[in-house]
Each structure stands twice: as structure tokens, then as C-alpha cells.
Amino acid sequence: AQTVTQSQPEMSVQEAETVTLSCTYDTSENNYYLFWYKQPPSRQMILVIRQEAYKQQNATENRFSVNFQKAAKSFSLKISDSQLGDTAMYFCAFMNGGTDKLIFGTGTRLQVFP
Amino acid sequence: DVKVTQSSRYLVKRTGEKVFLECVQDMDHENMFWYRQDPGLGLRLIYFSYDVKMKEKGDIPEGYSVSREKKERFSLILESASTNQTSMYLCASSSPTGFYNEQFFGPGTRLTVL
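If you read the sequences in order, they're chains A and B. Sequential numbering of the first sequence, starting at 141, is according to the numbering used here. Sequential numbering of the second sequence, starting at 377, is according to the numbering used here.
Honestly, I wouldn't trust all of these hints.
Said to hold, decoys possible - Residues on chain A that point at chain B, a partial pick, calculated with CB under 10 Å:
hint	residue
1	P149
2	M185
3	G247
These aren't lab readings, by the way, just hints derived from the structure by calculation. For each residue, glycine too, the CB sits at the ideal point set by N, CA and C.
Could you build all of it, start to finish, from the sequences and the hints given here?
Spelled out as C-alpha cells, the structure:
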């Protein structure tokens, strides 16, 4: 069975600094997708960034980028130039190719302070 | 914009009551999901549905049932609520042909069972 591990329950960063959230996963599959979702306080969960396992190039979305290490089964999220609005719970998630089911990690609560 | 709505943001029920949580999506998505979110446990899949009148068990279906009579609506039913079902419940939808297999989430229902 696939598992997703987020070993940092809480993190904090100063505004404008860079922070990296860690995620590791375990699977024997070769075709899969990885996601980072953001859940702001009292607001809906939204997708931040997505990575296809077959792509070697790391995904980027504006200030958000990932470091995808397939052999190490690691999928970290880097947030550059952190903003107060980045304060949220961040979930790493895994999806097997051919299914639509997500497996979530336990989340990392990120606090951005001025 | 995709919109997923849930019938209540907050709900308080008594042990033994039958509880209905409703979810509606307006994007004609085939897939719909119910998760529960608990601190330190992340999101866990309760049930999902790939089509009208179809349902499949997720990882923690015990004590829950679902109904999908119309494509846009997916209901979660607690037949006899118990205190250990106090949690945040999140609904999501997706399309198997959608861009990035992205799941779109509702705002959540925080259920307290007394």
C-alpha cells in the first residue's frame, strides 16, 4: 500500500524568506502523480502544484517549486519570497496512475510571520 | 470556476442521531469523494463515487454510508452518530478527463457529536 509521510508537523518562516516542506512516499508503482495542496485557515483546500512521476523536470508555479527525487521517493515543496498569505496547512498527496484516489500525508502547518 | 458546496459549515448532533452531510458540485464531474480530516492524521478517504448510483469504500467506511442519486450531489450519511465521528468532513470532486486529475474541495463541515 502506498503511504505519504510529512515529518514536519509545524514550520515557521519570516516574510520574504524561503522555506522548504518535506514529503516522502512509498510505492512500488512506476506511474503516479504527486501533489501539494494548501488549506488556509477556515478556507477551502486548493491545489498548489502537481508533478508527474515520468517527468524529470521539477514542476514550478510562480513562487512554488518542487524538488522531486524519484529514486529517493522524496517530493519537497519550496516556497520562495514567503508571504503572509502563505500561512496555511500544506498537504502532500499521492495518486496512482489510472486511479483518481488521493492518499494524503498528515500535513505541515506553516506560519509566515512579519 | 469550479464550485463545490457543502450544506453546513458547522453541525452539532447528539449520539445516536442520523446525520446527513450534503455536497453539491456544479462542474458536471463524474468523481466525488468524502474525506474526514483529523489533526495529526491528515485526510482519510471514507467513500467515493465514479458515477451516479455507484459507490466504493475508501479507507475508513465503517459507520458511514453514501448516496449518489444525481450526478451533482453526493451525500454522506452517519446512520447512528457517535462521539468518535466528531471531525471535519471534506467533500471533493474531479473529472477523470480533467486537467491534472485535480480534485476540487468544498469548504468542509465541522461536525460535533455530543
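Here is how each hint holds up against the structure:
{"no.": "1", "hint": "P149", "result": "holds, 7 Å"}
{"no.": "2", "hint": "M185", "result": "holds, 4 Å"}
{"no.": "3", "hint": "G247", "result": "holds, 5 Å"}
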